[in-house]
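Student: Generate coordinates for the entire structure from the input sequences, incorporating the hints supplied.
Heads up: the sequence lines are chains A and B, in that order.
127 is the number that the working numbering gives to position 132 of the first sequence; each next residue is one higher, with no gaps.
213 is the number that the working numbering gives to position 218 of the second sequence; each next residue is one higher, with no gaps.
Check before you lean on any hint, since a few could be wrong.
Since the list gives no way to pick out one identical chain from another, each pair is judged satisfied if it fits inside one copy or across any two copies.
As the list claims (entries may be wrong) - Calculated pairs, DSS-like style, for lysine-lysine (alpha carbon to alpha carbon, straight line, at most 25 Å):
1. K58 / K82
2. K82 / K122
3. K122 / K58
4. K82 / K48
5. K230 / K319
6. K297 / K58
Note that these hints are calculated values from the structure, not bench results.
Protein chains: 2
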Amino acid sequence: MALIVQKFGGSSVADAERIFNVARIIGDTYDAGNSVVAVVSAQGDTTDDLIAKAQEINPGASKREMDVLLSTGEQISISLLAMALEKLGYPCKSLTGWQAGVLTDSTHGSSRVRRINKERLENELGKGNILIVAGFQGINRYDDITTLGRGGSDTSAVALAAALHADNCQIFTDVDGVYTADPRLVPNAHKLEEVSYDEMLELASLGAQVLHNRSVEMAQKYNVKLEVLSSLERKPGTQIKEVVQVEKMLIRGVARDNDVTRISIIGVADTPGVAFRIFSALAAAKINVDIILQSVGRDGTKDISFTISRSYKHEAMEIMENLKTALNAHEVAVDDNVSKVSIVGSGMQTNPGVASKMFEALADANINIHMISTSEIKISVLIDLDESQRAVVAIHEAFEV
Amino acid sequence: MALIVQKFGGSSVADAERIFNVARIIGDTYDAGNSVVAVVSAQGDTTDDLIAKAQEINPGASKREMDVLLSTGEQISISLLAMALEKLGYPCKSLTGWQAGVLTDSTHGSSRVRRINKERLENELGKGNILIVAGFQGINRYDDITTLGRGGSDTSAVALAAALHADNCQIFTDVDGVYTADPRLVPNAHKLEEVSYDEMLELASLGAQVLHNRSVEMAQKYNVKLEVLSSLERKPGTQIKEVVQVEKMLIRGVARDNDVTRISIIGVADTPGVAFRIFSALAAAKINVDIILQSVGRDGTKDISFTISRSYKHEAMEIMENLKTALNAHEVAVDDNVSKVSIVGSGMQTNPGVASKMFEALADANINIHMISTSEIKISVLIDLDESQRAVVAIHEAFEV
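Tutor: Below, the structure written as structure tokens:
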């Protein structure tokens, strides 16, 4: 008998019909002789509705009270899903974050799981109950309710799977797995049977919005076998695990990320400490920087460019404008008409020529590259936004993934 | 510095404007130098909406899961009210039932408070925080969420006031106190300054829907000073306490209860054990019986009539039909075209002639009495439904309350 953790997102439990669909998936898993812990998010738009209620009263509400409010969303889901399972005749119990023993730190709104107190979970599983646990939430050491922030339910599922030494952690979504490229952009993109944690991390951070990075990191750390699969179709999804077969495949997938803004500081003095001043100021404002590019110095000056998420654009520009005089910069330019296209694959580090093949594909498609960034298992290029779809198709074709 | 518990019902927190109104009442109480614990119900129709969601999925859902679902209603209210208080600049914290240490028995859906674990409450009050506690909910010994059933938030407020030895427990409603009669029926009904626990209990059970009986019983048991007052107007309400001044006033108020059905079992044998069989069968089905009337035996038979809430009508009739043959009854009749009108007052037991004065008022108004029931501080009559308003006015006038 295996122990399986199954996570269902908000769209999977959006209405009564979908809740019963989820209940049947859980029930079938239980009938096959497994113990099941299901983790659920808030229904469809519930969280947005609750945020709107709070906004109306106090846009500056404390994060503590926001967590009290938002955590009701998952509490509604777990009770409704438990009622559906009861209707189908299964023994089950819903558990809120605190009832499931999910202990977090005190960073309201984006807490991290510190520990799972397994006592009740193991006790209820021992009685043969299916457990329906509220994702996204926990409590801190003061017994205050906390929430885990974006992708929190994925993290809850992986944390529970790790704590309970589950045999598998299945993440059900509205896609049926991880693809070599976005099927909406590349018609002959195909589903990967398996992918490594590292590759998944790169793919996730590159905009293949299937799994949140924190949950993949945690799965890797505790060696939790993940599977991404569809809640609507009953077929195998993509396995995410430590070691995957590389075969002759050079790259695992092509990803696109349009949430990119490039900021360039042009004509700063080519002296030590310039980069430090720029990036320490951004770090102090908690702005994550992705690609960094520094031109070769010429005439005593150099240019520094970097990319950030669009949501930080105004804040970052304000910081740069303030630094402009101190750095004696010629100009600060911003461009959000850009997209980042990347290839990912553990195979590429032992296969020379991967980068040149990617650049060749782009050149053949007459697409200009603005910036290049590489890691051991990833090559990213910054290109014009309106050429990003063509770029993904061209690269996918070139590598025949 | 006094400690005041204030309870606000669902209509008092139905929207943002009303939530701020409540926040200002709480804030003013705090500013006057008091410690404040506010107890709130779910907003307006929230509970009904949640029940509808559950009905759609499983009309036979377990009470355990219903409690998980319904308790989110108050959790939403407490966070929104806390946000409003934050906006007004007050230090405050919302607490769910379990965070406030409300421990109950395990009767899901209608639990009774067993104990309040005061540790956190006293700790937070000691820090100068206003506490906003979710009414209607608690947890049982297994850490499962429970709800207290109808009028549960009143009970929560009184239980917290008792545990914390509060100086006052204020129940805010949409009326400004307890009246000598329903002001909508009797234009010159007037507000009572004070009323005893016993009188309040009789008034409440007679349809003066201000306070739930369980909360009044608990207030009496633990000697909690209650006050019923309006959340919309800032003026004194009605004090409910142990001993009240009786003055020359004979009766405290006139109440009407239209939620009445009379069932009559006609022509049963005038032998011992008949009443036992009827009322034990009703008790076994957990049907509360109010007035019981047995005719004097004649020709070896007698008639037994009793009143119950309309919601039990069909169930009770089924039981009576089943008993009919066994009891050899001539007929079982039901009438829900009736109303119960009552007068309540501690003074009446030492003042002869109260009953006759009531009957005189009804006779003068040409209103026929079907049944009469009396207690130490109450006289009730069952009359035709369409005469109930005239009856209340006539009695109110006769006693010049």
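Student: Could you run down the list of hints and mark each one as holding or not?
Tutor: Right, here's what the structure says about each hint:
1. K58 / K82: between (37 Å within a copy, 13 Å between copies)
2. K82 / K122: within (19 Å within a copy, 47 Å between copies)
3. K122 / K58: Between copies, since 19 Å is at most 25 Å while 37 Å is not.
4. K82 / K48: Only across copies: K82 and K48 sit 14 Å apart there, 32 Å inside one copy, limit 25 Å.
5. K230 / K319: Classified as neither: same-chain Cα gap 55 Å, cross-chain 62 Å, threshold 25 Å.
6. K297 / K58: Classified as neither: same-chain Cα gap 42 Å, cross-chain 69 Å, threshold 25 Å.
In summary, the structure is inconsistent with hints 5 and 6 from the numbered list given earlier, while agreeing with the others.
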